[in-house]
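Chain residues, written in single-letter form:
Protein chains: 2
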Amino acid sequence: MPLKQKYPRVVIAGAGFGGLNVAKTLIDSPFEVLLIDKTNHHLFQPLLYQVAAAALSPAEIAAPIRTIFRGVRNVQVEMDEAISVNPSQKILTLKSLGEISFDYLVLAPGSRHSYFGHSEWGADAPGLKTLDDALHIREKVLTSFEHAEHLRRKTETAKYLTFIVVGGGPTGVEIAGALAEIGKNTMLPDFPILKQSDIAIFLVEAGDRILSAFPPQLSEHARLSLESLGVRVMCNATVQDVKSDCVEIKRKSGATEQIATATIIWAAGNNASPLLQTFKAELDDNGRVLVRSDCSLPDHPDIFVIGDAANFKGSNGNPLPGLCPVAIQQGRYVGSVIKKRLSPENRKPFKYFDKGTMATIGRAKAVAVSAGISFTGFLAWFLWAFVHIYFLISFRNRLRVMVEWIWYYITFQPGARLIIQRMQRQSETR
Amino acid sequence: MPLKQKYPRVVIAGAGFGGLNVAKTLIDSPFEVLLIDKTNHHLFQPLLYQVAAAALSPAEIAAPIRTIFRGVRNVQVEMDEAISVNPSQKILTLKSLGEISFDYLVLAPGSRHSYFGHSEWGADAPGLKTLDDALHIREKVLTSFEHAEHLRRKTETAKYLTFIVVGGGPTGVEIAGALAEIGKNTMLPDFPILKQSDIAIFLVEAGDRILSAFPPQLSEHARLSLESLGVRVMCNATVQDVKSDCVEIKRKSGATEQIATATIIWAAGNNASPLLQTFKAELDDNGRVLVRSDCSLPDHPDIFVIGDAANFKGSNGNPLPGLCPVAIQQGRYVGSVIKKRLSPENRKPFKYFDKGTMATIGRAKAVAVSAGISFTGFLAWFLWAFVHIYFLISFRNRLRVMVEWIWYYITFQPGARLIIQRMQRQSETR
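Chains A and B supply the protein sequences, listed in that same order. Each residue of the first sequence is one higher than the last, beginning at 0 in numbering that gives the first Met the number 0. Each residue of the second sequence is one higher than the last, beginning at 0 in numbering that gives the first Met the number 0.
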């Protein structure tokens, strides 16, 4: 890509929370910034599960990247896919634009869900990382109710009203809680033939408690809240096999059981982007790059890896969790390191400031821990709602989501219960 | 479908404006109403082009049918597809529920766009009837700008910035106007490399004027408004061939020209649903059933055909146009005929009351004719906006669309500019 180059070029791969904040930090600085993403939008992933649960529309949690940087002269946005990195020659190769040279490179490609070596499960147990994932799950869930209502008069309907959520982290807990509420408060009134007792939602967690990143008493609180919504929480349970119409679960005891289901949602385990395997770097078991205290690659101080893609040892010696605040803070840190053109020896190590973590379990139910203080119930939920609306990227979306939530809070009618049949097209958009 | 039947059963195929209004008219009447639709939502088609133009989100112009009839005891909603009718035995066959007997049948299946015998054009020149169509066009348009901006530095970009709209009726005019505005006011500021002069939008009309259903001076006004937005209006021009990267157009003079384009939108010609070919009835050239003055089938006074699917001779001897008001009025008429159990000889003929027609050309630009009076410009646009918001099916959507329009009017930033790559899935939702 021949560009007449006046200033050093910073190439950023990925416009998630990490990459976006690197670019924002470099606005109007004497650098030529190229921000690359596979999609044309920045996605507010913490609310993605609400799109899957038909509560929000895609446009309410996503904003076009170009619009975020509209009028910014030194940031150029490209919709393209980074496919390989050559650190020594300082070249990043893009799918359609080809080779791009860089002075600084920030890799923030994020991660995909991992099926622990069973990638074939992906078709039947979609994960939740992209808007496409969320719409796919939404259609599976809504269509299941239609099927169940049809079959009611014919044969077995249980399969369609059984929803399996795999993984007891925040995402799994949030989607399970949301499904329980939507099912009870929204779908049942529209399907008079179906009864509450027909709906079964399982949350399957391999560890001995859900929300393991939270203090035990909050895990316990979350479990009780979920069960009060009718979710069956199975801990010490691992998925042995996934088929199109059932899942096989193995208990710690060794006992295995099969559960018939038409909807399996995968919220367990992540694998960092394959992009990180295209150059020589030490990776951990999740495919994350082991980075130095300044988020840079060993031997390559001008190449940084941040967010989900990085294994950054936190103060407790464990890698920092794959949370937005980590990515945001790393993005800002790397942005300022580049802006100040700090040589490696002058870079203060990155420090993650943990403002706290939270997970919502449903309407007016949540758990949060901040500065060692635990919150539960309405207060935690209010905190959660406030923080999430506050951090939505555009003012317009803040407005929209707030309106949707207030509306839902009053009417129990979520906003986006559409089944949009996707016609198989000869020529897709790209 | 064995249902213990207490009241006469009214089966309605299609929950568009026609079918929906039949069902609404029969709420709480001594009839067992079964409302069937392929999708789970009622679609407000007059605004579908705004979804295609990335101005609105699908959920803003659609509402779940079940929710519309929530709590209504005598109306049952089924998501299913009617595949054939047996008038003499009074049986409707559904794709998944199988055979259903009826006492009254209302066929309101609508229409698909017709390619005048060239169905192979469909893949490259999508029409605009469903949310899936609209999202497909939205992705084509948005992706084209990304391609153009990439190629700018390499080769020919014109193809990606040339948009062909085929058909000069209201839909064609509205989509062409919307594309021109979105291109100029929204996309260009986000693509600094592209210039206004790079964008070319053609509106191709076979007749000698666009909006032929309107008075000539309004057609002229619409043409001038479109051209002021940069749309090139080609009348007396027919499409000879459609390929993935170009369209061949033949002028009345006989001259033909090829235009390179990546985006062709088909807004010409309709074909009524194939369902109408599954029983013996006289059809017109567009596959519409010739109905009697009470919208019923000759020889079958208990079977009605309404909306796009019906050829109903209007006062001027021509078939009524395929507009929402016609479908709505026919739906209410048939509903009350059934409700009153009128025998054929006691049914007053259906009369269409033409409140007027309107088409919008862009922000604050529209044409309208009502009671012989023509409106143009802001007044017509305001009328248009008011009428469309007023008739949106749910209060929530009225609110949402109003907010979106006010926002867009002020900021020129439409609401749904997302390219959502659709992953090819092994198992689709149905």
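For the record, the hints were derived by calculation from the structure and aren't laboratory data. Model, not experiment: these values are computed from the prediction. All C-beta atoms, glycine included, are put in the ideal place defined by N, C-alpha and C. Mixed in with the good hints there might be a few duds.
Which chain B residues face chain A? A few, computed with CB under 8 Å, are given here [unchecked claim]:
#, residue
1, His-40
2, Leu-96
3, Ile-419
Pair by pair, the computed Cβ-Cβ distance ranges are [unchecked claim]:
#, chain 1, residue 1, chain 2, residue 2, range
4, A, Asn-85, B, Ile-409, 45 to 51 Å
5, B, Phe-278, A, Asn-235, 57 to 63 Å
6, B, Gly-116, A, Ser-196, 50 to 56 Å
Hints versus structure:
1. Because the closest C-beta pair between His-40/B and chain A is about 5 Å apart, less than 8 Å, the hint holds.
2. For Leu-96/B, the interface hint holds, the least distance from its beta-carbon to any beta-carbon of chain A being 6 Å, beneath 8 Å.
3. A distance limit of 8 Å between C-beta atoms decides the matter here; for Ile-419/B the minimum to chain A is near 5 Å, and the interface restraint holds.
4. In this structure, Asn-85/A and Ile-409/B meet the distance hint of 45 to 51 Å, their C-beta atoms being roughly 47 Å apart.
5. The hint said 57 to 63 Å for the Cβ distance between Phe-278/B and Asn-235/A, and at roughly 60 Å that hint holds.
6. Distance hint check: the CB atoms of Gly-116/B and Ser-196/A are about 54 Å apart, consistent with the given range 50 to 56 Å.
Against the hints set out earlier in the document, no violation occurs for any number.
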